[in-house]
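Full structure from sequences and hints, please.
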Amino acid sequence: MSVNGNLTAAPAANAPAAEWKPRIVAFCCNWCSYAGADLAGSSRLAYPADVKIIRVPCSCRVNPMFILKAFERGADGVILCGCHPGDCHYSTGNYYTRRRMALLFSMLDYIGVERGRTRVEWVSAAEGARFSKVMNDFVAKIRELGENVKVGDLRCKE
Amino acid sequence: MHRIGVFVCWCGSNIAATVDVERVVAEAKVQPGVVFAQDYQYMCSEAGQNIIKDAIRTHALTGVVVCSCSPRMHEATFRKAASLAGLNPYMVEIANIREHCSWIHKDKEEGTEKACVLMRAAVAKVTLNVPLKAGESKVVKRALVIGGGIAGIQTALDIADAGFPVDIVEKNATIGGRMAQLDKTFPTLDCSSCILTPKMVEAKANENIRLITYAEVEEVSGFVGSFKAKIRKKARFVKEDVCTGCGVCMSKCPSKKGLNEFNMGLNNRSAIYIPFAQAIPNVAVIDKEQCIKLKTGKCGLCEKVCTAGAIDYTQQDEFIEEEYGAIVMATGFRPIDASKFDEYSYSTCKDVVTSLELERIMNAAGPTGGVLLRPSDGKHPHSIVFIQCVGSRDVSGRGKPYCSKICCMYTAKHAMLIRDKYPDVEVHVFYIDVRTPGKNFDEFYRRAAEQYDVDYIKGQVGKVYEENGQLVVRGVDLISNEQIVLNADMVVLATAIEPDPTARKVANMLTASIDTNDFITEAHPKLRPVESPTAGIFLSGVCQGPKDIPETVSQAGAAASKVIGLLAKDKLTTNPCVAHSDELLCNGCSCCEKVCPYGAISYDTKLINDHGVKENRRVATVNEALCQGCGACTVVCPSGAMDLKGFSNKQIMAEVDAICL
Amino acid sequence: MQMSEKDVAALVKEISGSDVKKCMKCGKCSATCPAYGEMRFHPHQFVSMVARGRVEELLKDPTVTRCLSCFACVERCPRGVEPANVVAAIRVLAEREQEGSNISPADVPKLVAGDPEIPQQALVSAFRKYRK
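Chains as they are written, first to last, in this note's numbering: chain A, 1 to 158; chain B, 1 to 661; chain C, 1 to 132.
Heads up, a few of these hints could be off.
Said to hold, decoys possible - Sample of chain B residues at the chain C side, in silico, Cβ under 8 Å:
1) G369
2) D394
3) I432
4) G462
5) R474
6) G475
7) L478
8) N481
Just so you know, the hints here were simulated from the structure itself, not pulled from any lab data. Ideal placement from N, C-alpha and C gives every residue a C-beta, glycine not left out.
Set out below in structure tokens:
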């Protein structure tokens, strides 16, 4: 995106313009979504390599700080996957997630990180196909949005 | 100083085909803190594990990263190897470069790059790992079985045989379940009661088994090894220990309009009743909706005729609270409601019955005394049409998308039994597919068709209707490609089966996961078929998926052996990845206490030494035995005092950093 | 442009909005059909024919018009295949496939000369009625 192009520091001035690859962080809960991702793997259901998964015990373990940190470090999209409502291994964790993320995402939108760059999805351990589909959709969306704005920490001067 | 070892697995060609493992090793060697990196064909093999153990010893490693398959697969293996070599097992992290990388990417360059990133994230995390020690929790040596059908009975018998006490909670007044309602069983045609009732008696007689009938589980808390359950024992209005089961009350009871559930409502029963002759416990129960005394205060006949003095109209629901080490779900099934399929006229024509109703009609203890008579006028039918797949394999929303598995066989059984006993009765079976995978199953079906001359028609029935008092069936024969209209005296619907409606409630109580059809999900569809993903919860019978009696019994035995394995342990090691509060930072706000689903957080007033300032503060304390490590509390903590061991804020941030590098 | 039989079958699927692959060949549509005897091809047959791309014969068969459009087959199909919609699509296509338009461009001057009041709309409709 040209608007952000001047804000994003180029790695090196003389480096050849490599194809832009989005950086996408996926937080997956251990009981449903991480297992769903495993099933997508064992079923060989491809999704782009841009997605990197971090395992958390429950989607409610994801502190909004982690997502802000990811954007600060240059992530182009963050997706959070948990068990379907009612199926949380810890009974109620995903309900907290849902409410927390509703607030966080609207704040992110407000500061200029488009709504499409963040997402909460419910993927069960049996939904390998769904996991792959969700990731393909999400990556396509991020590619469409292009590079993210740089969310920086004002205290850290370059 | 960190001394980290990175081990990259080829997994044969599973990983090595799409990930350049040597490049991952080279990349690992330049990561900060990494002092050793090596690849090997099968890290999980004994030789592979030895490489890790040797490296831990020779290089004095403080942390290990294994780049291999999913941690759900081999995390435990590698942690055990590390601990054998003297490293704390929680200093091992897995980078999942198989399921999350090599298996889903085709391009080797892309795969290798991603594997490097995943390795980097794991290294970043492991540098922040701290040694953890798994705690221990007790195992209550008692099991709870929810459901007293053949699945529950068999599971309980097997657990009891191993010497552990078991409680069976059954919502009906007797154990026995669906199998007690069946007449004969396929493919051997032995009498269902004759093989079931001895097991029911055995369950009653076994001193390790306590039968809690006419009761439902109300609440469950706790976790594997020590669940706490609250069981509501509904008022029977009959003292269970006094009633002799003589049945005089039943014959004298003036209210005889209650539908007999055991006979699928085909006849009536008295308000005070024993469900069936072989009921266990053989104790009467009063239906309070039907009892004149309980409704109007007048009558009391049963009390007068009861010589044992067992009747007690003032009885109230009782609650039993008990601790259990393991819980088995055996909640069973019911046939779906056939009235949703009005093209078959089930709700309007009495002679259209479901297979389970036919089962009662054929049974000697049933409403007709075992004589095949049609319900409308009690006459002998001369032509019977069976319709298979009523509501099974149906995605229209009226039925169930799955195959109910047992209908082909019981329909063949019914057809054969009728042709055997009443050779004058014409039997037609409309089928879509006849599915008979099972020992001696296909032979059985062929016997029905060949020896007993049952007319199998490939096609479905579109409509069943009554015309001048005659049932007419319009169907199609897809082989001869003609529409056929048959007159029938009776129509039997092979209705789909669905999980008992209590299954969802029970599963929610146990936090056991459930699928879209309300069947309970197993921990692994192939390798852990009798366990729920929730530790300490086991599955027995149809609550997990449609199955016949031999399959149910084998699954019941399998569930029992898993329970026995659990109860045989004296202690369970608990997950050390639990929440922990930093007392210096805690401001005593109680936010964490409110979100904890386990009640694991409490507040104590403690003397805190805050950099020389000593004061009494109200601070959070985590009960490590109760904490399950979800992390909900860590996010609500406004002062950052609460953190989760093994998944600390710093560790996850480090992973984020490494991925976004 | 001449379409292949397979393309026409695809068009039938598109127009009908029906996924014929979902059919599990139970025959309930034919069992339920009140016009079964009137039609050369019965509901389960034309679902199968469309699924296998064999639509030429169907398009030529005049008895497809005997379907009553009572939708009993749609109502009762356990797989949501909607055979009646398949028949409707066949009919629409059969109509479109008819040879020749009502008029040719060469007829226009003559028609206009014959009746100067002829609505332009009528001429346009007469052209666009058929595909060939």
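Against chain C, with CB atoms and a cut of 8 Å, does the hint on G369 (chain B) hold up?
It is violated, given that the least Cβ distance between G369 (chain B) and chain C is near 35 Å, above 8 Å.
Hint G462 (chain B) vs chain C: min CB-CB distance below 8 Å?
holds (3 Å)
Would you check whether N481 (chain B) satisfies its interface hint, that is, whether its CB is within less than 8 Å of any CB in chain C?
holds (7 Å)
Residue hint D394 (chain B), partner chain C, criterion CB-CB below 8 Å:
Interface hint status for D394 (chain B): holds (4 Å vs cutoff 8 Å).
Does R474 (chain B) meet its interface restraint, that is, does its C-beta lie within less than 8 Å of any C-beta in chain C?
holds (6 Å)
When the least beta-carbon distance from G475 (chain B) to chain C is tested against 8 Å, hint result
holds (4 Å)
Under the criterion of a CB-CB separation shorter than 8 Å, is I432 (chain B) in contact with chain C as hinted?
holds (4 Å)
At a threshold of 8 Å, is the proposed contact between L478 (chain B) and chain C supported by beta-carbon distances?
holds (4 Å)
Consistency with the previously given hints fails for number 1 only.
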